[in-house]
Amino acid sequence: GQSLEQPSEVTAVEGAIVQINCTYQTSGFYGLSWYQQHDGGAPTFLSYNALDGLEETGRFSSFLSRSDSYGYLLLQELQMKDSASYFCAVRSPYNTDKLIFGTGTRLQVFP
Amino acid sequence: DVKVTQSSRYLVKRTGEKVFLECVQDMDHENMFWYRQDPGLGLRLIYFSYDVKMKEKGDIPEGYSVSREKKERFSLILESASTNQTSMYLCASSQLENQETQYFGPGTRLLVL
Chain A
3 GQSLEQPSEV TAVEGAIVQI NCTYQTSGFY GLSWYQQHDG GAPTFLSYNA LDGLEETGRF
63 SSFLSRSDSY GYLLLQELQM KDSASYFCAV RSPYNTDKLI FGTGTRLQVF P
Chain B
532 DVKVTQSSRY LVKRTGEKVF LECVQDMDHE NMFWYRQDPG LGLRLIYFSY DVKMKEKGDI
592 PEGYSVSREK KERFSLILES ASTNQTSMYL CASSQLENQE TQYFGPGTRL LVL
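Protein chains in written order, with the working numbering: chain A, 3 to 113; chain B, 532 to 644.
For the record, the hints were derived by calculation from the structure and aren't laboratory data. There's no promise every hint is true.
Taking beta-carbon pairs under 8 angstroms as the criterion, some of the chain B residues facing chain A (in silico) [said to hold, decoys possible]:
#	residue
1	Gly-547
2	Gly-571
3	Gly-573
4	Phe-579
5	Ser-580
6	Val-583
7	Pro-592
8	Gln-626
9	Leu-627
10	Glu-628
11	Thr-632
12	Phe-635
13	Pro-637
14	Gly-638
15	Leu-642
16	Val-643
Don't be surprised by glycine CBs; every beta carbon is placed ideally from N, CA and C.
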């Protein structure tokens, strides 16, 4: 089977850097995805790491280490609008071959 | 701009009623998904379809059925609504070989009394 663990909540101030971790237990997977969801809104795709290492997209970066069963989303120069829930997700051909989501991390950014 | 729409944002139904939730996408995507989202449980897959008239069960299909008669439309059916089906229901779509990038609708918040 597979499970993904994320911290339930993270707080930070504007301008800071925050890292949201995702640890997973799965017998094999294609890659690690990240989604953002604002309160009352729909999840939106942020990034996908098919390979180990760091992927950077503007203020957001995502990292994957298969050997450590670990990934993270890094948000830099935090803005109030970054307050949202963030979900990691994996898809494994050894399980249902469908995207499995973590329980989400609620990020609160304070002024 | 890509778009996934759901028929209702809010819905109130009574126990035992048959409930239809509709989802339409305009991106010509092969894959369509129905999830439910509950606090502390994240998004859980109910059903999935990769083609017209094709469907596969997700993690929690009990009490639900689906219909995909046209490529752009995927319906979720609650045959006999129960209070434990009170939840946020999210529809999503993706290209066939890129499930990792899913596009979500705004969601339907269903309350079963």
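Cross-check of the supplied hints:
1. The beta carbon of Gly-547/B is not positioned within 8 angstroms of any beta carbon in chain A (closest approach about 29 angstroms), and the interface hint is therefore violated.
2. The beta carbon of Gly-571/B comes within 6 angstroms of a beta carbon in chain A, closer than 8 angstroms, and the hint placing it at the interface holds.
3. At its closest, the beta carbon of Gly-573/B sits 4 angstroms from a beta carbon of chain A; the interface hint therefore holds under the 8 angstroms criterion.
4. With 8 angstroms as the threshold, the beta carbon of Phe-579/B comes within range of chain A, its nearest partner Cβ sitting at about 6 angstroms, so the hint holds.
5. Checking Ser-580/B against chain A by beta carbon gives a least distance of about 11 angstroms; that is not within 8 angstroms, so the hint is violated.
6. With its C-beta approaching chain A no nearer than about 19 angstroms, Val-583/B sits outside the 8 angstroms limit, and its interface hint is violated.
7. For Pro-592/B, the shortest C-beta to C-beta distance to chain A is roughly 11 angstroms, which exceeds 8 angstroms, and the interface hint is violated.
8. The interface hint given for Gln-626/B is violated, since its Cβ lies 12 angstroms from the closest Cβ of chain A, which is over the 8 angstroms cut-off.
9. With 8 angstroms as the threshold, the beta carbon of Leu-627/B stays out of range of chain A, its nearest partner Cβ sitting at about 12 angstroms, so the hint is violated.
10. Here the hint on Glu-628/B is broken, as its CB sits about 11 angstroms from the closest CB of chain A, past 8 angstroms.
11. For Thr-632/B, the shortest C-beta to C-beta distance to chain A is roughly 5 angstroms, which falls under 8 angstroms, so the interface hint holds.
12. Look at Phe-635/B: its Cβ gets to within about 4 angstroms of chain A, closer than 8 angstroms, so that hint holds up.
13. Interface hint at Pro-637/B: satisfied, since its Cβ lies 5 angstroms from the closest Cβ of chain A, which is below the 8 angstroms cut-off.
14. Because the smallest distance between the Cβ of Gly-638/B and any Cβ of chain A comes to about 6 angstroms, under 8 angstroms, the interface hint for this residue holds.
15. Interface hint at Leu-642/B: violated, since its Cβ lies 15 angstroms from the closest Cβ of chain A, which is beyond the 8 angstroms cut-off.
16. Interface restraint check for Val-643/B: the shortest CB-CB distance to chain A comes to about 20 angstroms, outside 8 angstroms, so the restraint is violated.
In summary, the numbered hints that this structure violates are 1, 5, 6, 7, 8, 9, 10, 15, 16.
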